[in-house]
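J.: What follows is the residue order along each chain.
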Amino acid sequence: MLKISNLHASVDGKEILKGLDLEVNAGEVHAIMGPNGSGKSTLGNVIAGREGYEVTEGTVHYNGEDLLALSPEERACEGVFLAFQYPVEIPGVNNTYFLRAALNAQRKHRGEEELDSIGFLKRVREKLEILHIGDELLHRAVNEGFSGGEKKRNEIFQMAVLEPRLAILDETDSGLDIDALKAVADGVNRLRSPDRAMVLVTHYQRLLDYVEPDHVHVLSDGKIVASGDADLARKLEAEGYKWLEDGGIAELKEAETA
Amino acid sequence: MNEGKVQIETRLGQKYKHGFFTEIDADTVPPGLSEDVICLISAKKGEPEWLLEWRLESYRHWLTMDQPNWAHLKIEPIDFQAISYFSAPKSDKDRPQSLDEVDPKLLETYDKLGVPLHERARLAGVAVDAVFDSVSVGTTFKKELKKAGVVFCSFSEAVEDHPELVRQYLGSVVPQRDNFFAALNSAVFTDGSFVFIPKGVRCPMELSTYFRINAMNTGQFERTLIVAEEGSEVSYLEGCTAPMRDENQLHAAVVELVAMKDAKIKYSTVQNWYPGDEEGKGGIYNFVTKRGLCKEENARISWTQVETGSAITWKYPSCVLRGDNSVGEFYSVALTNNFQQADTGTKMIHMGKNTRSTIISKGISAGRGQNAYRGLVKVLPTAANARNFTQCDSMLIGKRCGAHTFPYIEVKNPTAKVEHEATTSRIGEDQLFYCLQRGISEEDAVSMIVDGFCKQVFRELPMEFAVEAKALLEVSLEGAVG
Numbered sequence: 120m121l122k123i124s125n126l127h128a129s130v131d132g133k134e135i136l137k138g139l140d141l142e143v144n145a146g147e148v149h150a151i152m153g154p155n156g157s158g159k160s161t162l163g164n165v166i167a168g169r170e171g172y173e174v175t176e177g178t179v180h181y182n183g184e185d186l187l188a189l190s191p192e193e194r195a196c197e198g199v200f201l202a203f204q205y206p207v208e209i210p211g212v213n214n215t216y217f218l219r220a221a222l223n224a225q226r227k228h229r230g231e232e233e234l235d236s237i238g239f240l241k242r243v244r245e246k247l248e249i250l251h252i253g254d255e256l257l258h259r260a261v262n263e264g265f266s267g268g269e270k271k272r273n274e275i276f277q278m279a280v281l282e283p284r285l286a287i288l289d290e291t292d293s294g295l296d297i298d299a300l301k302a303v304a305d306g307v308n309r310l311r312s313p314d315r316a317m318v319l320v321t322h323y324q325r326l327l328d329y330v331e332p333d334h335v336h337v338l339s340d341g342k343i344v345a346s347g348d349a350d351l352a353r354k355l356e357a358e359g360y361k362w363l364e365d366g367g368i369a370e371l372k373e374a375e376t377a
Numbered sequence: 066m067n068e069g070k071v072q073i074e075t076r077l078g079q080k081y082k083h084g085f086f087t088e089i090d091a092d093t094v095p096p097g098l099s100e101d102v103i104c105l106i107s108a109k110k111g112e113p114e115w116l117l118e119w120r121l122e123s124y125r126h127w128l129t130m131d132q133p134n135w136a137h138l139k140i141e142p143i144d145f146q147a148i149s150y151f152s153a154p155k156s157d158k159d160r161p162q163s164l165d166e167v168d169p170k171l172l173e174t175y176d177k178l179g180v181p182l183h184e185r186a187r188l189a190g191v192a193v194d195a196v197f198d199s200v201s202v203g204t205t206f207k208k209e210l211k212k213a214g215v216v217f218c219s220f221s222e223a224v225e226d227h228p229e230l231v232r233q234y235l236g237s238v239v240p241q242r243d244n245f246f247a248a249l250n251s252a253v254f255t256d257g258s259f260v261f262i263p264k265g266v267r268c269p270m271e272l273s274t275y276f277r278i279n280a281m282n283t284g285q286f287e288r289t290l291i292v293a294e295e296g297s298e299v300s301y302l303e304g305c306t307a308p309m310r311d312e313n314q315l316h317a318a319v320v321e322l323v324a325m326k327d328a329k330i331k332y333s334t335v336q337n338w339y340p341g342d343e344e345g346k347g348g349i350y351n352f353v354t355k356r357g358l359c360k361e362e363n364a365r366i367s368w369t370q371v372e373t374g375s376a377i378t379w380k381y382p383s384c385v386l387r388g389d390n391s392v393g394e395f396y397s398v399a400l401t402n403n404f405q406q407a408d409t410g411t412k413m414i415h416m417g418k419n420t421r422s423t424i425i426s427k428g429i430s431a432g433r434g435q436n437a438y439r440g441l442v443k444v445l446p447t448a449a450n451a452r453n454f455t456q457c458d459s460m461l462i463g464k465r466c467g468a469h470t471f472p473y474i475e476v477k478n479p480t481a482k483v484e485h486e487a488t489t490s491r492i493g494e495d496q497l498f499y500c501l502q503r504g505i506s507e508e509d510a511v512s513m514i515v516d517g518f519c520k521q522v523f524r525e526l527p528m529e530f531a532v533e534a535k536a537l538l539e540v541s542l543e544g545a546v547g
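Order-wise, the sequence lines are chains A and B.
Residue numbers for the first sequence follow our numbering, beginning at 120 and rising by one.
Residue numbers for the second sequence follow our numbering, beginning at 66 and rising by one.
Be aware that a few hints might be false.
What the hints assert, rightly or not - Straight line, CA to CA, 30 Å or less: simulated BS3-like cross-link-like pairs of lysine-lysine:
| no. | chain 1 | residue 1 | chain 2 | residue 2 |
| --- | --- | --- | --- | --- |
| 1 | B | K208 | A | K227 |
| 2 | A | K133 | B | K464 |
| 3 | A | K361 | A | K133 |
| 4 | B | K520 | A | K241 |
| 5 | B | K212 | B | K346 |
| 6 | B | K346 | B | K208 |
| 7 | B | K464 | B | K535 |
| 8 | A | K227 | B | K520 |
| 9 | A | K227 | A | K133 |
| 10 | B | K212 | B | K331 |
| 11 | A | K301 | A | K361 |
| 12 | A | K227 | A | K301 |
| 13 | B | K482 | B | K412 |
| 14 | A | K241 | B | K464 |
| 15 | B | K139 | B | K208 |
Hints listed in this document are in silico derivations from the structure and should not be mistaken for laboratory results.
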């Protein structure tokens, strides 16, 4: 579904991604772990098409098509979803209204009929039920005055309603207490599906205690330096990112070839 | 302008020549302003002597005044002698006979605004009879008002039918000498609206200029007077949201509101005069004096305005809170795009005890627009326990526009409480990207963010107006980003 080859990307002229390769198939959950500054958030932003993130080399293909040729809104309409590390507040704009506008923009793009408010509300109720969250988020302005946990849950809720094919969750676990973390993880698990791919970008392993990834990648200095299964995440957690620099990468490579 | 003024001044003191008007039989007075022209206007309208005198007094005072220059505006000099101060309404023959003859661009805008089909023709100035059958909305409307005892008519009709009311209240809130443009208006106003709500009557419907058939061509010097007697209530909607491609350069209107004991007046404006083109050429100068007097206790006056048009907007709808416990409110959205300029705000003058005022101002600047909020909160020594809350927010779209805030606060009573909050924000790239990432187009995202920003004001507008105001902002902001 997603194939990234030799991706180089810069922000303000500074190269952050330095030849990243990654392949994600439908139905898979990938975790990308890495220390601060390794380029984790840049990856999400490049895939989503944020202005200011310049791709200098390499390709990103999404369902066989050149993703980089699409505008951010086209990517969204094609089913690429980014759960923001810092969800943005939009004062005065009702959360439900916002989400319906988004969903209908996407449906229109796909040539589907737009949902009227009744149809939309029905869908919203279904998703709320699946995610076990109340409807208190619906009546408020987009993220305005939300707690950190509410903001992250709102991202998961939006993901549920928009039903993307590729979801990138950018540090959705950061800054959450254990209950909120569990709630978010629970949501992610419920949204796993054979035709949806998810990429969890995270600094810590703890989200992975609740969401079992199919693949774990370690991002360091703009490149994937190691890939493995859930054990890799646990190893990283136990040893710390410093272990990578101190010969851990070589150790992993050995293990792979053995 | 100065040259013209010298000429005018030489005429100062000359007496009204009776019968002058018979010498000219054209329907449009040639450009220029003089006592003769004022006499002509008054005569054409068949006005009583006292009103003519009132106009002349205003004019003579205007001659001694200078155009104010304190606003944060760049104004090209106005040649007051180049303006034609009276032209008879266009006859049906001169108007477009059907929508086919109307500028297609205008029709496109109506479409975007969702103006109902049968209204489009009327707004575009198509001859009324070609649009309405004899049992028009307006006629039905008038009958119902009459039953309730409400007077709602053109200013000219009011002078004829209710001279005592007009004489009593005209200039009682905005005196002839109030300011340069009010004085000019007092001298040359051509028409406008008059509303009188008798004691204890709650006006059975929103009064809208939209429905007043002869609201067309009220001209550039409009005069509105609304009087609400004890315990009465009225909501008045000014302007229609469809764009009037008016060619007139200068609009200097005066609006006076009088609210007696326990009376409530709600005055809503959606202003969308021609803003000039994208290079800043042309457009209306909208210099308006609007003031409401809460004359007796528990009176309440509320101004709501959505200002998206005009090249230059200069208006400060104000409340004089004379009655004890009276309330003044001002809710405003002012948008400037391209080269538009706005210097707008309000004045809340607290005189009575326990008077309260609320000011919510939202300024939006895009393109090279310049948007200033200017507001005065004045608490006089008599106004014990006066309260004011002011919130003044500015939003910038793009990097070449400007937002400015000039709050003036004068408090002369120690028991008063005055609060002022102000914010300035830029439509964040992060907000935009958030919307884009959800699949929402850039234009829809901007209008959604702006709409959210204005929500506090829009919810004060009557429902239908709010919908149109929102659509209007979208149209006005087209191409503002990118």
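J.: Confirm or reject each hint.
T.: Hints, verified against the model:
Restraint check for B/K208 and A/K227: not satisfied, since their Cα atoms lie roughly 47 Å apart, outside the 30 Å limit. Taking the CA atoms of A/K133 and B/K464, the gap is about 25 Å. The hint holds against a cut of 30 Å. About 24 Å separates the Cα atoms of A/K361 and A/K133, which keeps this hinted pair within 30 Å; it holds. Our distance criterion of 30 Å between C-alpha atoms is met by B/K520 and A/K241, whose separation comes to about 26 Å.
Of the supplied pair hints, the one linking B/K212 and B/K346 is violated, its CA atoms being roughly 48 Å apart against a limit of 30 Å. With a CA separation close to 44 Å, the supplied pair B/K346 and B/K208 exceeds the 30 Å bound. Taking the CA atoms of B/K464 and B/K535, the gap is about 24 Å. The hint holds against a cut of 30 Å. The hinted pair formed by A/K227 and B/K520 meets the criterion: a straight-line CA distance of about 27 Å does not exceed 30 Å.
Simply put, A/K227 and A/K133 have alpha-carbon atoms about 38 Å apart, too far for the 30 Å limit, and the pair is violated. A threshold of 30 Å between alpha carbons decides the hint, and for B/K212 with B/K331 the separation of about 21 Å falls inside it, so the pair holds. Between A/K301 and A/K361 the CA atoms are separated by roughly 27 Å; this keeps the pair inside 30 Å, and the hint holds. Pair hint A/K227 plus A/K301 does not hold up; C-alpha atoms about 34 Å apart against a cutoff of 30 Å.
At most 30 Å may separate the alpha-carbon atoms for a hinted pair to count; B/K482 and B/K412 meet this at roughly 16 Å. Distance restraint check for A/K241 and B/K464: the Cα-Cα separation of roughly 42 Å exceeds the 30 Å cut-off, and the hinted pair is therefore not satisfied. With a C-alpha separation of about 47 Å, the suggested pairing of B/K139 with B/K208 is violated against the 30 Å cut-off.
Of the numbered hints stated above, those contradicted by the structure are hints 1, 5, 6, 9, 12, 14 and 15, listed in ascending order.
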